[in-house]
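So the chains spell out like this:
Protein chains: 2
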Amino acid sequence: MENFQFYSPTEFIFGKSSESECGKYVKKYGGTKVLVHYGTGSAVRSGLIERVKASLEAENISCVLLGGVQPNPRDTKVYEGIELCRREQVDFILSVGGGSCIDSAKAIAAGVMYDGDFWELYSGKAVVEKALPLGTVLTIAAAGSEGSGASVITKENGMLKRDTSSDLLRPRFSILDPELTETLSPYQTACGATDIMAHVFERYFTNTTEVEITDRLCEAVLLTMIKETPRVIADPHNYQARANIMWAGTVAHNDIVGVGRSQDWNSHAIEHELSGLYDCAHGAGLAVIMPAWMEYVYKHNVMRFAQTAVRIWGCEMNFENPEETALKGIRRFRKFLSEIGMPINFEQLGAREEDIPELVRKFGLGDGRTGGFVSLSSEDISNIYKIAAKAEV
Amino acid sequence: MENFQFYSPTEFIFGKSSESECGKYVKKYGGTKVLVHYGTGSAVRSGLIERVKASLEAENISCVLLGGVQPNPRDTKVYEGIELCRREQVDFILSVGGGSCIDSAKAIAAGVMYDGDFWELYSGKAVVEKALPLGTVLTIAAAGSEGSGASVITKENGMLKRDTSSDLLRPRFSILDPELTETLSPYQTACGATDIMAHVFERYFTNTTEVEITDRLCEAVLLTMIKETPRVIADPHNYQARANIMWAGTVAHNDIVGVGRSQDWNSHAIEHELSGLYDCAHGAGLAVIMPAWMEYVYKHNVMRFAQTAVRIWGCEMNFENPEETALKGIRRFRKFLSEIGMPINFEQLGAREEDIPELVRKFGLGDGRTGGFVSLSSEDISNIYKIAAKAEV
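Sequence order for the protein chains is A and B. All you need for the working numbering is the position in the first sequence, starting with 1, plus 72. All you need for the working numbering is the position in the second sequence, starting with 1, plus 72.
Just so you know, these hints were derived from the structure itself, not from any lab. Being a predicted model, the structure only gives us computed values, none of them experimental. By construction, the Cβ of each residue, glycine as well, lies at the ideal position given by its N, Cα and C atoms. Careful, some of the hints might be misleading.
As the list claims (entries may be wrong) - Here are the simulated distance ranges between beta carbons:
no.	chain 1	residue 1	chain 2	residue 2	range
1	B	Val136	A	Gln77	52 to 60 Å
2	A	Ser257	B	Asp189	55 to 63 Å
3	A	Ser257	B	Ser237	39 to 47 Å
4	B	Gln420	A	Gly443	46 to 54 Å
5	A	Glu464	B	Glu395	44 to 52 Å
6	A	Gln77	B	Ser257	24 to 32 Å
7	A	Ser257	B	Asn390	38 to 46 Å
8	A	Glu464	B	Tyr259	53 to 61 Å
9	A	Asp189	B	Asp189	52 to 60 Å
10	B	Asp189	A	Gln77	33 to 41 Å
11	A	Ala126	B	Ser237	50 to 58 Å
12	B	Lys105	A	Lys197	35 to 43 Å
13	A	Gly119	B	Ser237	33 to 41 Å
14	A	Tyr311	B	Asn390	29 to 37 Å
Said to hold, decoys possible - Straight-line alpha carbon distances no greater than 30 Å define the calculated DSBU-like cross-link-like pairs of lysine-lysine that follow:
no.	chain 1	residue 1	chain 2	residue 2
15	A	Lys299	B	Lys299
16	B	Lys100	A	Lys197
17	B	Lys202	A	Lys202
18	B	Lys100	A	Lys99
19	A	Lys96	B	Lys100
20	B	Lys197	A	Lys202
21	A	Lys100	B	Lys202
22	B	Lys99	A	Lys197
23	A	Lys299	B	Lys400
24	A	Lys99	B	Lys99
25	B	Lys100	A	Lys105
26	A	Lys99	B	Lys202
27	B	Lys197	A	Lys96
Pulled out of the complex, with its shape left as it was, chain A reads as follows (with noise of 0.2 Å):
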């Protein structure tokens, strides 16, 4: 096990009901003038925001509503929320949404407290030093920044995804109402249910060995997945199923899954590419790579990938042919994706082969190499995207 620091220190609400109860976490932690930010209608639509503003005027909060977050949150956005917050003396940023929308709050309460552009600080040219507080109201369960310091955005001008992250940006309070993802379409579930796996699966193929603890801390979430989600599909409004799916979707994501060891994110970069392009959802994009990925690189560790089988997909062990036992945990997570309505090949994602040599190019990787459990040049990423182009079940 490597040496870690481990910080989650978002106070977590977790419930029925429990978005009444935001005005008295903003007050807790020192909120008085609130920026709320929220998505593209549906907060709207459903009352969610009215809710929440009586809930901040029962405590003497007074707010200023910024809206229309789009999936992939864009830098304008961002802009505009910073310009907002500046000139309304906003002490403590709320968001009301999903990932998309608490990654756009994020970004707004680093770029008020930053001298400069905030593009900065995603392009990696700054660091966070500062930023406003901020709690969410969570809406969808996939993305897990309720509960990590993360965050993801877009920049309009050439579709350039980039990350930043620090403790700064954790929540103050995440209030997680299950209910509130009752309303999802299946294939926003399903979208979000991807994104859960594959910030597990991301941790858990690692050349870190011995680290049992954070191995059977990631199943436990692998295994919650595949018994919820399918019930959730059949049934959105399964309150059991739902509660089980927000949780695990936090637990994947503050990184308590992930501890003592190597990490590989390179599906995730991989699959940014696509969303930037083709502006679809991230999990429908981790759908069509993460499978590609792992049958890419499953020999680096066929007896990991053996392990994924049997203890995450029930496989049998095939102790004279390890190999055919890795490749059938492999399918099982493909056959698996589909059967919850997920894209597995470019066609379904609407995604072209021939846009691979533009797909690589903005990846950006030139003549380096990536980290992580396998590292990849430019060439193990274009054939990358083309075992995910053709895939089939």
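Based on the hints, put chain B in the right spot on chain A.
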């Protein structure tokens, strides 16, 4: 799943030589005058206290020392600490030791800020409303106190064991260096492992259904302990096994494996009377009590115990007779405890069957009943002690 709040703000610094950073973290969390609180010798003999002092001095932080905390920490030491902190105007408490030392530090942290006898915070007369900040350098994987807000203190007059709990008592930081645990005897190590497993089992046996994520996380910690504990007993210098156990011990008790459902702490309470009366190790007492409790209550939910047997102990499910599987799992648990060197009955523990009426009297239930997975009367508790008294592998 029931509504819940989850809050674990402690910053964990994990790994080899991490104790050399304690000065840096005391400073980060605002300490300027520190009480260094420790046990009965080994922390001094090993040079650890000197290293801690050097780390504080390097940050220009002054300190006063208070050693001598005993296992099953006493109120008398707490009074001594409170007086010392007030006299020396201490503003931060650093515990260097195991769970007893941390629990004593928590009592001092709360007691210093309490306008009355600190025991009232443990006897149920008052709740913790203020506390000095505290940090820990952990030397044994067991109690989980390094990541919890709970504390247990024994009142010397009558050997009464009582506890309190508050988010204000959660350590600001906890430093976990598995190397510091390598000097523990196999017996101490096994006691710690038993305590860790008990913390999970007390959360595993619940009457709340459909909390798959919490079930699976519980199983993750238990599977880790079952793999790693025998490795450490066989080789006390197995760093990787020590590291897995140490982190498992923290995860087992910050409530990440307990949220969203009812829990059962009757085994802990029943054991407390044993270590209260005989001053035995808490883990050793649990090894005697917990399987006995399981045998007494398993009929309340045979399938849950069968699940335990199959998922945790690797038993084959007997579909024609699930009860047989349930009982096999309990027997495996007791055998495991015996194999790692734990006592499994009164004689091995140094307890006496004729004291059972006295143990039940001190439990203090009278004509009342406990809560939990199975509600227990005084007679039930007496019966559990009787099963424990005569248990065999």
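Going through the hints against the structure:
Between Val136/B and Gln77/A the beta carbon distance is about 28 Å. The supplied range of 52 to 60 Å is therefore violated. Taking 55 to 63 Å as the suggested C-beta distance range, the pair Ser257/A and Asp189/B conforms, at roughly 60 Å. Restraint check, Ser257/A to Ser237/B: a C-beta distance of roughly 42 Å satisfies the suggested window 39 to 47 Å. At about 52 Å, the CB distance of Gln420/B to Gly443/A agrees with the hint of 46 to 54 Å.
Checking the proposed 44 to 52 Å range against Glu464/A and Glu395/B shows it holds: the Cβ atoms sit about 46 Å from each other. Between Gln77/A and Ser257/B the Cβ separation comes to about 30 Å, which falls inside the hinted range of 24 to 32 Å. Our hint of 38 to 46 Å for Ser257/A and Asn390/B holds, since their Cβ atoms are close to 43 Å apart. Between Glu464/A and Tyr259/B the beta carbon distance is about 58 Å. The supplied range of 53 to 61 Å therefore holds.
At about 59 Å, the beta-carbon gap between Asp189/A and Asp189/B stays in the expected band of 52 to 60 Å. At roughly 38 Å, the beta-carbon separation of Asp189/B and Gln77/A lies within the given 33 to 41 Å, and the hint holds. Restraint check, Ala126/A to Ser237/B: a C-beta distance of roughly 33 Å breaks the suggested window 50 to 58 Å. In this structure the hint that Lys105/B and Lys197/A lie 35 to 43 Å apart at CB holds, the actual value being about 41 Å.
Separation of Gly119/A from Ser237/B is about 37 Å and conforms to the stated range, judged on CB atoms against 33 to 41 Å. As the Cβ distance of Tyr311/A to Asn390/B is approximately 33 Å, the hint placing it in 29 to 37 Å holds. Among the hinted pairs, Lys299/A with Lys299/B is consistent with the structure: their alpha-carbon atoms are about 25 Å apart, no more than 30 Å. The straight-line distance between the Cα atoms of Lys100/B and Lys197/A is roughly 26 Å, inside the 30 Å bound, and the hint therefore holds.
For a cut-off of 30 Å, the pair hint linking Lys202/B to Lys202/A stands: about 28 Å separates their Cα positions. The suggested pairing of Lys100/B with Lys99/A holds, with an alpha-carbon distance near 25 Å, which does not exceed 30 Å. A C-alpha spacing of about 28 Å is found between Lys96/A and Lys100/B, which places the hinted pair at or below 30 Å, so the restraint holds. Between Lys197/B and Lys202/A, the direct Cα distance comes to roughly 42 Å. Violation of the 30 Å bound is thereby established for this hinted pair.
A threshold of 30 Å between alpha carbons decides the hint, and for Lys100/A with Lys202/B the separation of about 16 Å falls inside it, so the pair holds. Among the hinted pairs, Lys99/B with Lys197/A is consistent with the structure: their alpha-carbon atoms are about 29 Å apart, no more than 30 Å. At most 30 Å may separate the alpha-carbon atoms for a hinted pair to count; Lys299/A and Lys400/B meet this at roughly 26 Å. Restraint check for Lys99/A and Lys99/B: satisfied, since their Cα atoms lie roughly 28 Å apart, inside the 30 Å limit.
Distance hint between Lys100/B and Lys105/A is fulfilled; the C-alpha atoms sit about 28 Å from each other, no more than 30 Å. A distance of roughly 19 Å separates the Cα atoms of Lys99/A and Lys202/B; the hinted pair therefore holds under the 30 Å criterion. A hinted pair counts as satisfied when its Cα atoms are at most 30 Å apart, and Lys197/B with Lys96/A qualifies at roughly 27 Å.
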